[in-house]
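Colleague: Each chain is listed here by its residues.
Number of protein chains: 2
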Amino acid sequence: VQIPTKPTGEPKVVYIFNSKTCDGGAELKDILGNKGALLAEMMKLGVPVPPGFTIPASMCETYESCRVEGTDAVEDIWEDVEFAISETEKELGKKFGGEGDAEPLLFSVRSGAAVSMPGMLETVLNIGLNKSVCEKIAAANGGANKRFAYDAYRRLLDMFGSVVFEMDRSQFEMELERVKEKKGVEKDTELSAEDLMEVCDAYEQVYLKVDPNRPFPSDPTMQLKLAIEAVFESWNKPRAKAYREIAGLSSLGGTAVNVQSMVFGNLGETSGTGVCFTRRPDTGEKIIFGEYLINAQGEDVVAGIRTPEPISTLFEKMPVVAQSLQDTLDKLEMHFKNMQDIEFTIDSGKLFILQTRNGKRNGVAAINVAVDMYEEGLITKAEAIEMVELDHLNQLIHPAFKETEEEYEDAKISTGLAASPGAAVGRVAFSSEDVLAMKKANPKEGVILCRVETSAEDVSGMHASNGFLTQNGGMTSHAAVVARGWGLPCVSGVATMRVDEAKKEAYFYSSESISPANLIATVKSGDWISLDGGEGFVINRKVEMNAAGEGVYEQHPKMAKFMSWVEEAKSLGVYANADTAAELKLAMYFGAQGIGLCRTEHMLLASAERVSISRSMILAKDDASRVEILDKKMGPMLKDDFQALFEQAGNLPVTIRLLDPPLHEFLPTELELKDEKFAADLAKKCSLESADALREMCEAKREKNPMMGLRGVRVGILEPKITIMQTKAIVNAIIDAYIATGVHPNGKIMVPLVSTTEEFENQRALIFQTIQEVFNARASEVSRADVLGPDNREIPIGMMCETPRACIVSGNLVEEGAAFMSFGSNDLSQLSFGFSRDDASSFLEKYKEFGIIETDPFNTIDVDGVGELIKMSVRGARAVNSKIPVSVCGEHGGDEKSIEFFHEAGLNVVSCSAFRVLGARLAAAKANI
Amino acid sequence: VQIPTKPTGEPKVVYIFNSKTCDGGAELKDILGNKGALLAEMMKLGVPVPPGFTIPASMCETYESCRVEGTDAVEDIWEDVEFAISETEKELGKKFGGEGDAEPLLFSVRSGAAVSMPGMLETVLNIGLNKSVCEKIAAANGGANKRFAYDAYRRLLDMFGSVVFEMDRSQFEMELERVKEKKGVEKDTELSAEDLMEVCDAYEQVYLKVDPNRPFPSDPTMQLKLAIEAVFESWNKPRAKAYREIAGLSSLGGTAVNVQSMVFGNLGETSGTGVCFTRRPDTGEKIIFGEYLINAQGEDVVAGIRTPEPISTLFEKMPVVAQSLQDTLDKLEMHFKNMQDIEFTIDSGKLFILQTRNGKRNGVAAINVAVDMYEEGLITKAEAIEMVELDHLNQLIHPAFKETEEEYEDAKISTGLAASPGAAVGRVAFSSEDVLAMKKANPKEGVILCRVETSAEDVSGMHASNGFLTQNGGMTSHAAVVARGWGLPCVSGVATMRVDEAKKEAYFYSSESISPANLIATVKSGDWISLDGGEGFVINRKVEMNAAGEGVYEQHPKMAKFMSWVEEAKSLGVYANADTAAELKLAMYFGAQGIGLCRTEHMLLASAERVSISRSMILAKDDASRVEILDKKMGPMLKDDFQALFEQAGNLPVTIRLLDPPLHEFLPTELELKDEKFAADLAKKCSLESADALREMCEAKREKNPMMGLRGVRVGILEPKITIMQTKAIVNAIIDAYIATGVHPNGKIMVPLVSTTEEFENQRALIFQTIQEVFNARASEVSRADVLGPDNREIPIGMMCETPRACIVSGNLVEEGAAFMSFGSNDLSQLSFGFSRDDASSFLEKYKEFGIIETDPFNTIDVDGVGELIKMSVRGARAVNSKIPVSVCGEHGGDEKSIEFFHEAGLNVVSCSAFRVLGARLAAAKANI
Ligand SMILES: [Mg+2]
Ligand SMILES: [Mg+2]
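Residue numbers (my numbering), protein chains in the order written: chain A, 4 to 932; chain B, 4 to 932.
Excised from the complex, chain A in its bound form (with noise of 0.2 Å):
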């Protein structure tokens, strides 16, 4: 990018836009700011737009530090700025101060900086105004215009004083009021030109009242300048400066000042002001949507006072007009390369762009509008990707309401943590028995789980219901990430919501403190509520919801064509975490490329009887019993589970993970023990002397800091046994689901939560051994070349790299055997922070508020210090095995920003859950790109 210079050879400290200069244009976005920049590009494009000038943000900078020695820095430049004053007027005929016979020119002052910032100066308008101004005005075109004048100078009057001299603007709404109040009326358009004079007065001495020596400047040029100002003081304003900081845009150098010549939308039936897209924004269609209001000025519209009509009235109205303005759409379009959404104002008959941008759509019609615009020959595959966002993916296949949040708004009790998106409604259940007995009453209605938490023993409900709500819990909390990984809605950590299981009842408060007072509603089992899980809305009634879910590609018939253009943009493969063949089915659906993670515990939770079984298995009175459960039962069953999938999968790899969380999370909950009942069945199912023995066992099996406890690879090597059980289910499987489909199984096994190289050897061998023996025991039937395929390769046995020191030792790990590695950046963000997932939420919250930290890491992933991690593993395993595979199945595996970095630190894969595996493929498509 090239600077302008000025003759001197200095870079241009006033950048001029109108028909013959035009100094600026969007490449010089970081130097004039987004809105400067695209006022330049319009203007050199030939589009209507209103004459000015831009001050870059370098001067921001300039501005605090002669603010600092006591010099004048806008002074200083003011040369420049007349000289740019000069030039607009030429191009428009007008005078700024109204000398002479020329028509008054106005201006507005604009900050700008290169990326939209709340908490600074926004607007000032009609800059240019004094009472003879405005006489002048008025004096012009027969008096038609005296109205208009003064209530221009009235809004300049509010506006200045609000925004430039941080005057209270109550003041002048209370001289407003006053005015009206005396001359009987009740809008501001009925008070007439001489009542809008009065107001003035008034204002003016408002300002005096406040500061006798500080009047309004009646001088133009102070005016101006005051405001140029002005934009400067804000850029350093503590609020902004606390924005920028919590943003992270601290290193954003400064603001731009926009001044631009005025156009009005209210000079008659000529004029009008409006907005519009390129295209539809809800269904991608190509036509022209908006609307406009004829005699109008922006505020109108958005003040709802008065309904704007559709934009395709104009051609009836306007006909030059309307096809000046299609033009120019066509034109925007053509240059910008994506649908835009622009406000303009028809200024007596002549059309002006006053500001375009990449226009929002919905789902829906961002995949239209980016098939359609490749298809038009406008934009290149890859543009059409980067056009598209994962959340327009999401809203494709999730369900949502039919009403409207203002429909709804009015039964909205609450606003949790949007957990997991979507949108479900039915009936409130508190147990996950009564989800069960509520959907075998009535299969159709829906059914909300709605719990203090959830934990693993809820599963087998949580799976029947179609949304869950918990009143603590944060986005990465138990039900916050089931729901994700079913693509069901959830809210979680609802603080304003008191949960009472016991007597099946929730309530809701207006605020965190919770007082009778601050009650505003009861919600008792079988009552109707509807969550939005995008937004975190807990609603108290049905709501109307839209039909969803799958058959996303025939809903929306140019799904497919867009999903294939991203897979080919594509490097890194995108696999599903997934459990069932079910959930296989439709991540296959989604485009998965096979599973990356399928965790062996959900299957043992999957049922109530299947809890049982594991309990029994855990608590079995010694060896020779455990052995028995695990060679009847859940030996049997696993290997069950795993056919379905390795026949779903057909070749596709499946990843098969051994059990991985602390054996005591299958165990019954303190609640459970204390029923007398239930503990005397579990001991006697157990073989255990009573109901004290059991609660002895189960507590002398509760562990202090149970994520870091005896847990993942640790049970394989302190119960080979359970090893033993897990690879003789699979590799049994991989055989029969060979003889049943006669495809060639690709099954991997992994050793979870590995920290130590000898940890790992240990299982390695066990596993590795164990698939021999299944293999020779079964020769007779079918032999290991036929089942893994002619080249007869081994199945892989790798590991997961999920804690710090794995990840260190990555290379020796490798040495000693690792076929593959998968991060588990969840528990790697875990142990790297020292952050537990179940407690982190109690600070988590503050830290955002407090600009601690940008994102959650467990959403989106740490790239500076665990992304380090995750770098330096990835060398140290690739110095030793440069070919080995390297994936990803935290949580991380399906964000966006994840995905990008994942790919730039070399991972082959990411794994996520069926729902993200569109998102994740896009993801992946536009890291490459």
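None of these hints come from the bench; they were simulated from the model. Predicted model only: the values in this text are computed from it and were never measured. Heads up, some of the hints might be wrong.
No copy labels: a pair is met if it fits in one copy or bridges any two.
[As the list claims (entries may be wrong)] PhoX-like mimics (lysine-lysine), calculated; alpha carbons at most 25 Å apart, straight line:
hint, residue 1, residue 2
1, K704, K506
2, K677, K704
3, K384, K564
4, K677, K707
5, K704, K849
6, K97, K228
7, K506, K677
8, K851, K704
9, K334, K47
10, K849, K244
11, K588, K561
12, K704, K507
13, K624, K849
14, K724, K851
15, K228, K244
16, K340, K384
17, K724, K849
18, K47, K97
19, K707, K851
20, K185, K212
Following the hints, complete the assembly by docking chain B with the ligands onto the known chain A.
Modeller: Below, chain B with the ligands alone, put in the same frame as chain A:
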């Protein structure tokens, strides 16, 4: 090291040692093993050693590969062996096999790796005997040696059968018993020569009974060959391999074989055998110390059938031999520059040395020997330092039993983990309150606290007790860590004990299988027990104790000199972890150069009253009452504690860590909360409505994984007032200590558990500002420059580097202004491995058993993983500030191997508990030598 070669240029395969030829020497330990190398070395020195030869360890590998190929490795070198035999024959004028007129030559065959190794063939004596050789010996000397000959033959038959042919030894024993019974004698010595001949015949029959085709080989050459092969075979036996793997000796190439001519101490009144030290191993006194038996073999000394005589009497009985022994000992000590422990045999009036090695000694002797030898000019200071072990110093400062293990053996009821060294004797108490009550009743009697496990609230009782005994918990459990910190003995993780805290009884079982049948002892409140924390013993009575404790320099006059050498030799600073002035005083007495870690939380837990204040702060109903407690109660209390520390420290650095543990650790336990009165009282103190409200509040604050929850820097960020209170207390303490003493205190403030730069920056800014505020507030009393010294330095604000992420971004943290950093190696190890210290004992013990880990990573730093992270972190920090002080203050700061690593990693300081300071200084010196 040069390897001797044969004339052909090939390396020697048999190393001869005799008075003329000595192929080996001490420098060839890796080739000849320890034993072989030292036999050669002694021979070279002119020490009387029975001549022989050594087959080097490299043959072991050759033997194994030949075995696989089916060739005969020993046969291949037999020419060399025969040459060595003939050289030995020449030297002694004897003949192996007894041909001709010469006296028969007998050999011993012993294995000898570079490290001694259980599970391998040890020794076969008397090789070269058969019936005809026996007859020859019997015939010589007028038949006096007939009994001797057959006794030797019987022993050969027994040893050869059991170790070379791996026959069941009991078969020989049965035959011996049969003959003894027949002859009506009880002792072996009562058997006549003829009886022994009968035994020998019976033994030969045993060979044929086991395998008719494998009789005892009467050919001496065959005996020798088979014995040599058996040594090599034993190297590759599973038990030897397993041992090497577990002991981390996998890189050892093989064992050497030592073939040495036999000498006999049982050839009459001019023969004998004995052991002795060159100096007293209990005091270090320079005097020969040992015992001997006339007409006896080594076995007889060990068997204890006859009482040996003190070595001093040898000077009367055999003055010539005694003088020869004295000369030899002087020579050996001079040569090996260390106190020696030797075995000798007098064979018919001639002295032979069979073994020499550095003598084991106790702490007192170690110091005295080291200092004496330096002063005798025998060794350098560095060698003196190397000669003393950390355990030696520990012995000097920990109390010990007067009774030997044998004396109290009968009362030993269990062995747990040796969690903290030292001996304790006292009455058993089962609660903190009981300890205090017993101490009050009988202040001079010891009390031992016995718990299922201890926690923060036991601290006051723990402090008053003389030792801890816990059923659960590993080497780094609360009890263990506190015990080591205070230098109190502790036995933890006693798997054969069950504590019933309610009943106030502990039950001891004979095995880990807990059942009434196995109950061996019940200990009740008030019963006397004794603990040996260095061995893990629990003894069911009062064992007699030595006095111990402070006064180490006075009790051991050479200690101060020795430690001054240590101080000169080390470059690493050694600080103490200390929380009270008394602890610091002791640490300074032991040579600590400052406090590396003062744990504020220990101050808050130091008494029941303080715990109560902490609880009311945490549970305060609103911010105002919390601030009230912080400012009015906690702040002043901490200020006084800190001031006492600063006054004790003078100008030594005092590093104060801000509150680190999860706040809920201060909360009442579930048991306490169940107590209605307790709960109601506490609720009232905290202005809470009811006991239930208190319970709910406590419940809400509990965490699933508190180790990774709301603790460390996170507390200070969420509750800045706690950081402010602590900072104020520290700065006011600094000011008041200066006013009181006129010395400039050297305080440092350390922020715990940082993982992001933003966290540190947040707290650093808050602390920095608070420091200014306190100095400003007290400016009228005293100036900042007065307090902090003429250079008016800043109070350094540093951070603990104890999450993996902090290690990775250490450079950024230093950029963010960290003035120093200290590794919290406990937390860092927990997070790097993902091992919870509290829960890991359930698998770490098994890990050791299975060879997954060699040493507990919470005792000795894991160099490959955690160490790598530390090194990376030091590099990162020093790249930004090459002078930044870096220390470690976790448990590892007192561990020898860890200190060696920290020295190499370039740390400046290690900090450990007062009782480990002496040892840490020694380790630091060793690391620098
Ligand atoms: Mg994991
Ligand atoms: Mg720590």
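Colleague: For each hint, tell me whether it holds in the structure or not.
Modeller: Evaluation of the provided hints:
1. Taking the shortest Cα distances, K704 and K506 sit within 25 Å of each other only across copies (23 Å), while inside one copy they are farther apart (30 Å).
2. Taking identical chains as interchangeable, the C-alpha atoms of K677 and K704 lie at most 25 Å apart whether they share a chain (17 Å) or sit on different chains (22 Å).
3. Within a single copy, K384 and K564 get their C-alpha atoms as close as 11 Å, which meets the 25 Å cut-off; across copies the closest is 82 Å, which misses it.
4. In this assembly of identical chains, K677 and K707 lie within 25 Å of each other by CA distance both inside one copy and across copies; the values are 21 Å within and 20 Å between.
5. With identical chains, the CA atoms of K704 and K849 are at most 25 Å apart between copies only, with a shortest distance of 16 Å across copies and 34 Å within one.
6. Only within a single protomer do K97 and K228 lie at most 25 Å apart by alpha-carbon distance; the minimum there is 19 Å, versus 120 Å between protomers.
7. Taking the shortest Cα distances, K506 and K677 sit within 25 Å of each other both inside one copy (17 Å) and across copies (23 Å).
8. With identical chains, the CA atoms of K851 and K704 are at most 25 Å apart between copies only, with a shortest distance of 21 Å across copies and 36 Å within one.
9. Proximity of K334 to K47 under the C-alpha cut-off of 25 Å is restricted to the intra-copy arrangement: shortest distance 12 Å within a copy versus 102 Å between copies.
10. Only within a single protomer do K849 and K244 lie at most 25 Å apart by alpha-carbon distance; the minimum there is 19 Å, versus 56 Å between protomers.
11. When the C-alpha separation of K588 and K561 is checked against a cutoff of 25 Å, the pair qualifies only within one copy, where the shortest distance is 22 Å, while the shortest distance between copies is 79 Å.
12. For a Cα distance limit of 25 Å, the shortest separation of K704 from K507 across copies, 23 Å, qualifies, whereas the shortest one inside one copy, 30 Å, does not.
13. In the homo-oligomer, the alpha carbons of K624 and K849 lie at most 25 Å apart only across protomers (20 Å), although the nearest pairing inside one protomer, at 47 Å, exceeds that limit.
14. Only between protomers do K724 and K851 lie at most 25 Å apart by alpha-carbon distance; the minimum there is 19 Å, versus 45 Å within a single protomer.
15. In the homo-oligomer, the alpha carbons of K228 and K244 lie at most 25 Å apart inside one protomer (23 Å), although the nearest pairing across protomers, at 88 Å, exceeds that limit.
16. Taking the closest pair of Cα atoms, K340 and K384 come within 25 Å of each other only inside a single copy of the chain (12 Å); across copies the shortest separation is 82 Å, beyond that limit.
17. Taking the shortest alpha-carbon separations for K724 and K849, only the inter-copy value of 15 Å comes in at or below 25 Å, while the best intra-copy value is 45 Å.
18. Only within a single protomer do K47 and K97 lie at most 25 Å apart by alpha-carbon distance; the minimum there is 22 Å, versus 116 Å between protomers.
19. Taking the shortest alpha-carbon separations for K707 and K851, only the inter-copy value of 22 Å comes in at or below 25 Å, while the best intra-copy value is 28 Å.
20. For the homomeric pair K185 and K212, the shortest alpha-carbon distance inside one copy (21 Å) is at most 25 Å, but the shortest distance between copies (133 Å) is not.
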